[in-house]
Structures are given as structure tokens and as C-alpha cells.
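Each residue of the sequence shown is one higher than the one before, starting from 1 at the first, in the numbering used here.
If you are wondering where the hints come from, they were derived from the structure by calculation, not from laboratory data. Treat the hints loosely; a few may be bogus.
Said to hold, decoys possible - Here are the in silico distance ranges between beta carbons for each label pair:
#  : residue 1 : residue 2 : range
1  : K166      : F54       : 41 to 47 Å
2  : K151      : R24       : 49 to 55 Å
3  : E20       : F54       : 31 to 37 Å
4  : D99       : E182      : 23 to 29 Å
5  : E182      : T146      : 18 to 24 Å
6  : N29       : I8        : 15 to 21 Å
7  : K33       : E162      : 47 to 53 Å
8  : K33       : L147      : 19 to 25 Å
9  : D173      : H109      : 32 to 38 Å
10 : F174      : E149      : 17 to 23 Å
11 : L18       : H109      : 20 to 26 Å
Stated by the list, open to error - Taking lysine to aspartate or glutamate pairs in the DMTMM-like style, the calculated list, with each CA pair at most 25 Å apart, reads:
#  : residue 1 : residue 2
12 : K3        : D96
13 : K133      : D56
14 : K133      : E149
15 : K165      : E177
16 : K33       : E111
Just so you know, these numbers come straight off a predicted model, no measurement behind them. No residue lacks a Cβ here, since even glycine has one placed at the ideal position from N, Cα and C.
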Amino acid sequence: MKKEELDIILENHGKWLLNEGGERANLSNIDLKNTNLRFANLRLAYLRGADLRFADLSYANLSNADLSNVNLSYANLSNADLSNVNLSNANFRGVDLSDANLNWVNWQHVEGLTVICVQVDTSRRNNQIAYIKELDIWITGCFQGTLDELKASVEQTHKHNEKLKKRYYRVIDFILEEVAEE
Numbered sequence: 001m002k003k004e005e006l007d008i009i010l011e012n013h014g015k016w017l018l019n020e021g022g023e024r025a026n027l028s029n030i031d032l033k034n035t036n037l038r039f040a041n042l043r044l045a046y047l048r049g050a051d052l053r054f055a056d057l058s059y060a061n062l063s064n065a066d067l068s069n070v071n072l073s074y075a076n077l078s079n080a081d082l083s084n085v086n087l088s089n090a091n092f093r094g095v096d097l098s099d100a101n102l103n104w105v106n107w108q109h110v111e112g113l114t115v116i117c118v119q120v121d122t123s124r125r126n127n128q129i130a131y132i133k134e135l136d137i138w139i140t141g142c143f144q145g146t147l148d149e150l151k152a153s154v155e156q157t158h159k160h161n162e163k164l165k166k167r168y169y170r171v172i173d174f175i176l177e178e179v180a181e182e
């Protein structure tokens with residue numbers, strides 16, 4: 001895709017996000033490899049099946065976007081907002097996810113990352129705890145951090161609910177056992 005075409009799509013998407021006309025970005029199945037999308041606002045965009053190999057998406061807002069079946073090999077997603085993103089069947093080989101927001105992500109069948117994700121019955125329906133081995137980060141709901149930070153958060157958030165604390169710790173222990181077996 002030519003830069004001029006992409007710029008028009010991004011401009012129209014920005015207008016659509018602000019309810020000022022425009023239209024939602026549909027970049028599904030588009031070749032965007034090596035594209036500079038640094039700081040791009042692609043919130044709610046359709047990127048299903050796009051080729052984003054080696055793309056620079058650092059600081060991009062991709063929240064609530066459809067990135068299923070996308071190839072993100074060796075892309076830069078540092079500091080990007082990927083909250084509520086559908087990443088099912090996405091390729092993450094060699095991706096830079098440093099300081100990216102990964103809350104509420106659909107990790108189903110992701111390639112290139114070891115993601116152990118377990119659904120746990122807590123105060124939120126369909127809550128899950130995910131551990132990304134290569135990044136050594138834990139994610140649940142709006143929490144993202146280290147194992148020690150997760151445990152501290154569980155202790156603080158559920159200090160008056162032993163039942164929920166035990167559920168969290170059972171899932172954490174299960175994930176740690178799975179990681180140890182690899």
C-alpha cells in the first residue's frame with residue numbers, strides 16, 4: 001500500500017473515531033510490512049490477516065482492534081496499547097512488546113510466544129490469568145506485571161476474601177508447574 005493511501009485511511013479513521021464522518025479503517029489482508037505506524041491511532045481498526053512484519057507500531061493505539069491472523073514477525077510494538085485486542089492466530093516471532101499494554105487480550109493460538117492462559121472464576125466473569133514466558137509478565141484484568149507484583153496485587157485486592165485469594169494462587173501455581181515442565 002502506498003503511503004498516501006494509508007495516510008488517507010488513517011485520517012478518515014481518526015475522523016470516524018471522533019464521530020466527525022470518515023470511516024473505520026479496514027486494513028485487513030493488506031501488505032504493511034516495514035511500514036512506519038509509530039503513534040498511529042488504530043483503535044477499533046480491522047487489521048485481520050494484515051502483513052505487519054518489521055512494522056514500527058511503537059506507541060500505537062491498537063486497543064479493541066482485530067489483529068487476528070496478523071503477521072507481526074519482528075515488528076516493534078513497544079509501548080503500544082493492545083488492550084482488548086483479538087490476537088488469535090497472530091504471529092509474534094521476534095516481536096518487541098516491551099512496555100506494551102496487554103490487558104484483556106485474546107491470546108488463542110498465538111505463534112512465536114509461549115502464553116499460558118487459564119480462566120479463573122473470580123469477582124469478574126470469564127476472568128483469565130495469562131503468563132507470557134518470553135516477557136516474564138503476568139496479566140489479569142487490568143493488571144500487568146511481575147509475579148511478585150501479581151501476588152502483592154492479589155493480597156491487596158482480595159485481603160478480605162480468602163476464597164478468591166486461594167483461587168488466584170491455585171491458578172498461579174498451575175501456570176508455574178506448566179512452565180517448569182517445558
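Status of each hint after checking the structure:
1. Range check, K166 to F54: Cβ separation about 45 Å, and the 41 to 47 Å hint holds.
2. In this structure, K151 and R24 break the distance hint of 49 to 55 Å, their C-beta atoms being roughly 40 Å apart.
3. Taking the beta carbon of each, E20 and F54 are about 33 Å apart, inside 31 to 37 Å as hinted.
4. Separation of D99 from E182 is about 25 Å and conforms to the stated range, judged on CB atoms against 23 to 29 Å.
5. Checking the proposed 18 to 24 Å range against E182 and T146 shows it holds: the Cβ atoms sit about 19 Å from each other.
6. Look at N29 against I8: about 18 Å separates their beta carbons, and that is inside 15 to 21 Å.
7. For K33 paired with E162, a C-beta distance near 51 Å keeps the hint of 47 to 53 Å intact.
8. In this structure the hint that K33 and L147 lie 19 to 25 Å apart at CB is violated, the actual value being about 35 Å.
9. Remark: the range hint 32 to 38 Å for D173 to H109 is contradicted by a beta-carbon distance near 25 Å.
10. In this structure the supplied range 17 to 23 Å holds for F174 paired with E149, their Cβ-Cβ distance being about 19 Å.
11. Taking 20 to 26 Å as the suggested C-beta distance range, the pair L18 and H109 does not conform, at roughly 34 Å.
12. A hinted pair counts as satisfied when its Cα atoms are at most 25 Å apart, and K3 with D96 qualifies at roughly 23 Å.
13. Between K133 and D56, the direct Cα distance comes to roughly 23 Å. Compliance with the 25 Å bound is thereby established for this hinted pair.
14. Under the criterion of a C-alpha separation no larger than 25 Å, the hint pairing K133 with E149 is consistent with the structure, at around 16 Å.
15. At roughly 18 Å between alpha-carbon atoms, K165 and E177 fall within 25 Å of each other, so this suggested pair holds.
16. The suggested pairing of K33 with E111 holds, with an alpha-carbon distance near 18 Å, which does not exceed 25 Å.
Consistency note: the structure conflicts with the earlier hints numbered 2, 8, 9, 11.
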